[in-house]
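Asker: One line per chain: the protein sequences are A, B and C, in this order. Quick note: the first sequence, position 349, residue 349 per the working numbering, numbers continuous. Quick note: the second sequence, position 94, residue 94 per the working numbering, numbers continuous. Quick note: the third sequence, position 368, residue 368 per the working numbering, numbers continuous.
Careful, some of the hints might be misleading.
As the list claims (entries may be wrong) - To give an idea of the chain C side of the interface with chain A (calculated C-beta under 10 angstroms), a few residues:
| hint | residue |
| --- | --- |
| 1 | Lys250 |
| 2 | Asp339 |
| 3 | His360 |
| 4 | Ala366 |
| 5 | His372 |
Rather than coming from a laboratory, the hints here were simulated on the basis of the structure. Beta carbons: idealized from backbone N, C-alpha and C, even for Gly.
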Amino acid sequence: MSAAAEDRSTNRDWAAIAQKVGTPFASVLLAILIGSLIMWVSGYDPIAAYAALFQGSFGTPKAFGDTLLKSTPLILAGLGLAYGFRANLFNIGAEGQLFMGGLAAGWLGLVLAGQPWYVALPLLLLAAMLAGAAWAFIPAILKARIGAHEVITTMMFTYIARYFVSYLVIGPLKSPGQIPQTGLLPPESQLPRIQSLFSDATLQAMPFLKMGRAHMGILVAIVAAVIVWWVLKYTTLGYENRAVGYNPWAAETGGISVQWTTVKALCISGSLAGLAGAVEVMGVHHRLFDQFSSGFGFTGIAVALLAKNHPIAVIPAALLFGALSAGAGTMQLMADVPQKIILIVQALVIFFVAAEGIVTYFVKQRQKEATSNVG
Amino acid sequence: MLADIITPDLFASALRMATPLALAAIGGTICERSGVVNIALEGIMLCGAFAGVAVTLAVGNAWLGVLAAVLAGVVIAAIHAFTSINLRSDQVVSGTAINILALGLTGFLMEILYGHPGTTEAVTTIKPIFRFASERGGGGFVAEVWHWVNTILFSHTPIVYMAIIIAIAMQWAMYNTRWGLHLRALGEHPRAVDTVGVSVLKGRWIAVLISGALAGLAGANLTLEQVGSFTENMTNGRGFIALAANIFGRWTPVGSYGASLLFGFADALQIKLQIFRGEINIPPQFFLMLPYILTVIVLAGVVGRSVGPAAVGKPYEKG
Amino acid sequence: MPLLELREITKVFPGVLANDRVSMRLERGEIVALLGENGAGKSTLMNVVYGLLTADGGEVLVDDAPVKIKSPRHAIDLGIGMVHQHFMLVEPLTVTENIVLGREPGRLGVIDFATARERVREISERYGLRVDPDAKIIDLSVGMQQRVEILKALYQGARVLILDEPTAVLTPQEVTELFTVVRSLVDEGLSAVFITHKLEEVVAIADRILVMRDGKVVGETTPAATDEIGLARMMVGRDVVLRIEKGASKRGATVLEVEDIHVDDDRGLEAVKGISFSVSGGEILAIAGVDGNGQRELVESIVGLRRPKGGRIELKGNDITHANARASIEAGVSHIPEDRHRRGLVLEFDIAENIILGDHRTPPVARNGIMHPKAITEVARKRIADYDIRTPSERVDAENLSGGNQQKVVVAREIGRNPELLVAAQPTRGLDVGAIEFVHRQIIRERDAGKAVLLVSLELEEVLSLADRILVIYEGRIVKEFAVADADAETLGYYMTGGGGSKIDKDAIPGTPETPATGGDE
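Okay, chain A solo, but in the shape it has when bound:
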């Protein structure tokens, strides 16, 4: 290919990227605007509300730490959803797998008490992935073998997981005391806080590192995003995942087992959701109790859709929703706006992102008409 042609193709790539990035931005902007409208109609001051929200999510190093804290499980859950979506699977029940991942970490951490951190941490994360995958396995098999819709089955498994964890923290795994929760994880099984990695002197010199409760799970999440991106782009596993997602019949003709790919996809999706549960337990609460996730699995849907299922784009998308969720408390405190508005904004983002597909859809249809309908 000549240099000029190379140029043209990179130009086109940039245009495509601009288009890809532009529409999610517009979706978020529109959702925030309508959110303000709702606040204004309800008698609140949207500007004060968003100012408070910003203050609570980016205003101080500690606030930013909270944003990172909330984003961490969102990145992982969003990756899980995105990987599933790429195989045309909607793992709406990521929350259930997240619960099982949290359970695995919370339980194994206690079992492995006394082990050094370099043994405990990888084992806990691995166990959480296995638990999440296992929880997705039955819906996956049902989908692959008899076509039972994963939206219903994974949702049902989410309720089952919640009741199961609730039973365990009230019953067999309960630590002594009034509160239904497990015992505290030994320090070797906890993901350290970011600021704990630096000396006091360094923190003095660089106060932006005082990120409060933000923990090393963010590193796990970012590494996971890069790995998922690499798998989708450069491995046969990822290629087959995408082929099945776009056109299972053609994939089958090309020698790809659609059933097996479906099972793998949903289990990998589940393992990422399980990882999300683990970082929440190991990094934030340091123990298991039945309300340890504030719907990260469901917010992961919005994250994946906003990122258009691109693993790297999942990171900024998760940061956005993490910030909303981190700032919501400050917003309620300072501007008196109920935190629930965040859910409404989240729903609006999904609407707009989904409806945005329409623009490209229209263009495609017109092109198809032009090429195939003539004759």
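Fit chains B and C to the supplied structure of chain A, relying on the hints for placement.
Answerer: Okay, now just chains B and C, sitting in the frame of chain A:
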């Protein structure tokens, strides 16, 4: 103990528990027959439940509450109709957005209206229509039979009976009216409907709105006839179970009702069994799981490879 | 006075002038054939007339009055009926329900099914189109379904019948029958527009012929004034070879051996009922038959997409009876599927990604599960060059290619893999003449390279021009074998519809409409 579990009110309770599922499932049936997937049933039901309580608390008339619930269902369904029919969004994604929106909206409004999250004040529930006297273990066989019949069939609130009537009426309409024929054709081959000059858009809109009205009514049944108050996220997956009931009922209204009865019975049974948990010694969480496990089993085994309408979930492109 | 007249109809799609000032007239009691290749603009024109598309310019006149046809409903009200190429029938519904759809008799929204059934019976008797009003569409043969489509148009009061490629799915006998029906409808005072790209049909049925090319009418003639060669030249714009030249077959050793296989279809009914044959290297074996006689199941069982429930399939002596698609590819079987959009291509993938599908696990494309972008690009560019795929880059999405180029991608992939056996199922469906010629040449090149080719086709022309040997399939069985020299279209057609024994009487018009469904085996 078995005699304490298998009682007339177990079956009466099954019928009650089945009602919101059945209404939503019939809504799902009509919606899917027109070619639109509606996983928003969960959220629509939640909005209906909230609107019912809110209006009843405000005006003091539960029937106006029911009306409000139905209207709320229609309005929320209209969003789904617009995004999935006109904008041709992915219908499952649109439904998910509505479910999240419903959680946010009801929670937000609760705090605005009542100043706190959680549960609303109680409303006076709608009372059963009939009040015939009957007694258990009274006198003789006839009295016993009458007690069973009275408890199972005549102890219910109006929407429970409405659900049965709606199931039968919808079944009849689907196979005997123009609307029904067009509906059945829409989900299979929308272009065929379009080429004979019947509007696909209109047909699908009407179907989605009907499903919204029915899911809203299901919500009203939940709050205004059963619980008597609204709690955040109180539908607890019923909309998804209703979808499974619709599949199990093979996309027919009466079938959906029948499948809902099965799930209603499971729910009634687990509640009943919890009373005896001292004797059975199984933690309550396992009973609470029962309806969800049953749903998976039904989808996995009994349904097998049942196929839905051919064009369901596919946006229609004209021309 | 013309019943229907089009004046200078123009229709533009982004980047394509689909109809360029097209004019035509249709008189009462006349059959006009609209002849042209895929993409010539025939269907677009008729979709404008039927209200499915809006013209960007020009005028439509019905009974000399200008009309703006806004919707199919409007077209129907004007007396225009259409029999679509892809039937507009709702499969789970009954014949009656389909026919009355949109115009149901009844009161207050309740359908009067007794009256509906009665009206359907009335019309079907009046025009001699017998059909069971209570049968479900899904249970009817394709010919019967087409009859329901015609009845539907008649029920709606059509005076003009537009038939869009109506013979594409029919057997030669069903075609004859359709012609008889259309002729008798026209005798009753109806008019018909017959859209087709098949020359011999035009000559047989039309009163007048309009030839379209690149969105324009390039000629008007009558069957008496021309012949197939002349029409072909007009249609394509150059001289065409109606039959491709090929040398004698140099048969080698047996490559594929199929022994008494039985295969079920999706509904669990036996579709292939004990078929045996073998294909040698350097030979093209064609399987001729009417669509739906077990070809799909036969092909899918050979390429590993469907498991046979009995029998044995061997490739060069290796048992591949139970091989899945992957094992089948690895054993050396390539497969050009009958539906390139469904089975052949991932439309959202670019050319490079599509052109390595099936080779995506093996070197040089991938090693140990990791893919090598450079190797992929190299393979893609080589195949694009070898198979003359017209594209600016290997990174163009498959959905943005023309039908011919899309099929070239499939052919490049399947032949480029250098298989032992090439299974080609309807490899030229929906392609224009140029692309057909290209695909045919590639298939013959494979044969001449000593490879075994199994061709499955519904097009008798294709079978006769490519095959060395022909098997006729009917209801899941092979009913006849021919050397190509002994076969002609009519004899093949006869066996394809279940006839057996002696040659068909060429002048006979099938007496009973039910012929295709009731014919027996040999």
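Asker: Now tell me, hint by hint, if it's right for this structure.
Answerer: For each hint, the structure was consulted:
no.: 1; hint: Lys250; result: 30 angstroms, violated
no.: 2; hint: Asp339; result: 8 angstroms, holds
no.: 3; hint: His360; result: 5 angstroms, holds
no.: 4; hint: Ala366; result: 5 angstroms, holds
no.: 5; hint: His372; result: 8 angstroms, holds
Violated hint for the displayed structure: number 1, the only one.
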